[in-house]
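Engineer: Residues per chain, in single letters:
Protein chains: 2
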Amino acid sequence: MRNINVGIIGFGNIGTGVIDALLKKRAYLRNRLGASINLLKVCDKDLRSKRLVKVNKRILTNNVNDILNNPKIDIVIELIGGIKAARNIIIQALKNKKHVITANKALLSIYKKSLFKEAEQNNVELRFEASVAGGVPIIKALREGLVANKVNSIYGIVNGTCNYILSEMTNNGTSFNDALKDAQKKGYAEKRPAMDIEGLDSAHKLAIFASLSFGIDVRLKDIYIEGITNISDDDISYADSWGYLIKLLAIAKKVGRELEVRVHPTLIPKKHPLASVEGNFNAIFLNTDMLGEALFYGKGAGSVPTASAVVSDIIDISRSILGKSSVTLPSIIYDNHVERIKKKDDFYTRYYIHFTAIDKPGVLAKISRILSEYKISIAFVSQKARRREKLVPIVMMTHTAQESAFSQALKKIDALSVIKRKSVVIRLEEGL
Amino acid sequence: MRNINVGIIGFGNIGTGVIDALLKKRAYLRNRLGASINLLKVCDKDLRSKRLVKVNKRILTNNVNDILNNPKIDIVIELIGGIKAARNIIIQALKNKKHVITANKALLSIYKKSLFKEAEQNNVELRFEASVAGGVPIIKALREGLVANKVNSIYGIVNGTCNYILSEMTNNGTSFNDALKDAQKKGYAEKRPAMDIEGLDSAHKLAIFASLSFGIDVRLKDIYIEGITNISDDDISYADSWGYLIKLLAIAKKVGRELEVRVHPTLIPKKHPLASVEGNFNAIFLNTDMLGEALFYGKGAGSVPTASAVVSDIIDISRSILGKSSVTLPSIIYDNHVERIKKKDDFYTRYYIHFTAIDKPGVLAKISRILSEYKISIAFVSQKARRREKLVPIVMMTHTAQESAFSQALKKIDALSVIKRKSVVIRLEEGL
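Residue numbers (the numbering used here), protein chains in the order written: chain A, 1 to 432; chain B, 1001 to 1432.
Read the hints as simulated data drawn from the structure, not as lab findings. Bear in mind the structure is a predicted one, so any value in this text is a computation, not a measurement. Even for Gly, the Cβ is constructed at its ideal location relative to N, Cα and C. Treat the hints with care, as some may be off.
[To be verified] Stretch-level coverage of chain A by chain B, calculated; a stretch enters the list once three of its residues show a Cβ under 8 Å from a Cβ in chain B:
(1) 23-36
(2) 264-273
[Said to hold, decoys possible] Derived pair list, reagent style DSS-like, types lysine-lysine, alpha-carbon separation capped at 27 Å:
(3) 50/A - 24/A
(4) 24/A - 1150/B
(5) 270/A - 1270/B
(6) 181/A - 1024/B
(7) 1360/B - 1375/B
(8) 271/A - 1186/B
(9) 344/A - 422/A
(10) 1181/B - 1191/B
(11) 150/A - 1270/B
(12) 1271/B - 186/A
(13) 422/A - 366/A
(14) 1366/B - 150/A
(15) 84/A - 95/A
Input sequences plus hints: build the corresponding full structure.
Structural biologist: Laid out in structure tokens, this is it:
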């Protein structure tokens, strides 16, 4: 029986999960594949720190070339994260005709096009199931299970930190700051949480799944990104009273022959399947020409769920090694069913707006006048009599409007002397 | 460029969907696979009826051997349904070294073990993505995406007819009979709906996905089956007042080294992801050792979603034909992580019971006495003062109890002179 030899670069949290799975499930996986997965080398700069899994010392190395130049190794698994070193490692592994698996969404969001090309030129595979939604096999679903489908739109809850914070605010009335602290305490948020709460991590994942689904190279700079730091518990309770929840969504949506790609807090009807995605879970909701609506839901982070995705990539690659098959589905097929990425100014959505105004007559009239100037019509408005330092919240929902008109109108309204704070804007997706 | 030649047997609703997809998406699929899918023959007894898709007359035949014995055909797609003829066709195709794709859950639920063996002996594949949850790629997820996972439990909403009826009853207060009529009018229920509403169709699918997930051959006769015909709008509103919805679930659950397999109406907390699965949608909720909880949701029936699943099987098989690969993951791996199927008497669940009793003092005391005799404790009870022909509903929820004790107790209670109708029992799953 042939062995498949694997080298892992990066013995951190995810690396530990993958190694643990490969060691503990050796027989289980051999039974499925008909071959053994052999962990030949593990590389890390730090070989001293204690890990949660015990590894034979002889396979440990701090020299990456022990893996990259090892003729026995079939599959290199890059789990160091970061951009530059990871990119060099992957390119070198591919050039050495090794299959590569990575969970590095930040790297792929920037360099996927050239990296996939490098893999293709060397006739090896570059797999990345773990890069989006952790253990949820969404990449496989998009590439294989739904291979016959043209995707119309995808809405992803792909950042567990944000979803945890918003769930806490929604279910327990917690403030943003307290929910963030709680998430940090529980290990769901980093000490420096900016990458998550400002939407960048979601954008990394969006760049990957949008490229796959729409056959166009979506780059990070193409994506409109807005995080959840402006959302207050007030907004959540206003939304609630109108039948909505607030989630941070990563959205890719075909409109005509253009693609909209954006990350922002979004109002979702409470009965929508995405509304029940709570805490640190991820979900991808999509709409395709054949299947219609579909949802994939599960743990999007954590060493064990992520290891589940990495191991499924190992098994897939192993099947093609053992079958000497060179026929795998390409990662991105540039087939022009989308022509270009839409500019933010051309988005059309509905808007929830939370103004903070002086409590005196005529304020609403002033606001409405400006909105109507820009052809933005109001669906409903709520002016609560709650006074706080003589300021009142005015909360409204618009009908569908163009982003450019909306942002001009908002700028003008926020400049009014009666408006006392920067207004909070949350988009509402008509398609959901 | 090599062609992959396909023969379809059965030009009905699903057949039409598959043919339409293969013809319309020829270029799209070629672009993905690097080879053309060539529809070589379509066989049906009835070649006269008008279909929704136009097929070149030269490829039509009413002789199944034009496909089974055609040396050019690589993949045979069986879409005639039913047991005997379909089984013969599949066996003959496999013996002739043709890969086979089927959507026939009734057939697989009975003969999967021997059919998979036949495929293995002939070194060809027998694929069946469309047999469970239509277009939702759940078979692929279980076999490949979650290949490293051991499944603890699966809960499926896999019958759109039942789910549509229950959703109508829940959302609009419709009676069972009216909801069924409505479903029939909309084409979501057959004229003879027994197979669906009595739970058999769900059991067919359960036999398949439970076998796959637990590595044991689950046969139809192993499954405890109960349909939705006893559920009244009253039960739905009592459940609602306690925070639950009622869904027909197909359940496979490992308890110790035994497997429970059952289909029955089930109380689900309103906030559970399965609760938002409405109308004719399907969903599979699972719990595994690595991923934890996950949900897959989408259209479980209809010619186009089903065609999506069939085409994904065609592409997968084509990849292995083109790569001359013989390494595919086996369908069921009998690995003994489950030892046997549990008997119904040994189930442990909680029970919702709806008694219909004479309105006089002491009835509840009588009921409680019998329950306590069998060591069944009551979690809460509601005795509404609503009188109808002097009968009152007594509705209660028990704590976890053993099925054998429960059914004996219920028999005794239903025999009381104060109880006037057969009591309605709905199970509650603690794991959800």
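Engineer: Hint by hint, note whether the structure agrees.
Structural biologist: Evaluated hints:
For a cut-off of 8 Å, the count of residues in the segment 23-36 of chain A with a CB near a CB of chain B stands at 7, and the three-residue condition holds. Using a Cβ-Cβ cut-off of 8 Å, 3 residues of the segment 264-273 of chain A lie near chain B, which meets the minimum of three, so the contact claim holds. The straight-line distance between the Cα atoms of residue 50/A and residue 24/A is roughly 19 Å, inside the 27 Å bound, and the hint therefore holds. Only pairs whose Cα atoms come within 27 Å are accepted, and residue 24/A paired with residue 1150/B is accepted, the gap being roughly 12 Å.
Using a Cα cut-off of 27 Å, the hinted pair residue 270/A and residue 1270/B holds, with the two alpha carbons roughly 11 Å apart. Restraint check for residue 181/A and residue 1024/B: the C-alpha separation of about 53 Å exceeds 27 Å, so the hint is violated. Between the alpha carbons of residue 1360/B and residue 1375/B the distance comes to roughly 25 Å, so the proposed pair stays at or under 27 Å and holds. A distance of roughly 23 Å separates the Cα atoms of residue 271/A and residue 1186/B; the hinted pair therefore holds under the 27 Å criterion.
Restraint check for residue 344/A and residue 422/A: the C-alpha separation of about 20 Å stays at or below 27 Å, so the hint holds. For the hint pairing residue 1181/B with residue 1191/B, the CA-to-CA distance comes to about 9 Å; that is within 27 Å, so the pair holds. Among the hinted pairs, residue 150/A with residue 1270/B is inconsistent with the structure: their alpha-carbon atoms are about 33 Å apart, more than 27 Å. Taking the CA atoms of residue 1271/B and residue 186/A, the gap is near 23 Å; set against the 27 Å cutoff, the hint holds.
Among the hinted pairs, residue 422/A with residue 366/A is consistent with the structure: their alpha-carbon atoms are about 16 Å apart, no more than 27 Å. For the given pair, residue 1366/B sits about 62 Å from residue 150/A by alpha-carbon distance, which is inconsistent with the 27 Å threshold. With a C-alpha separation of about 17 Å, the suggested pairing of residue 84/A with residue 95/A holds against the 27 Å cut-off.
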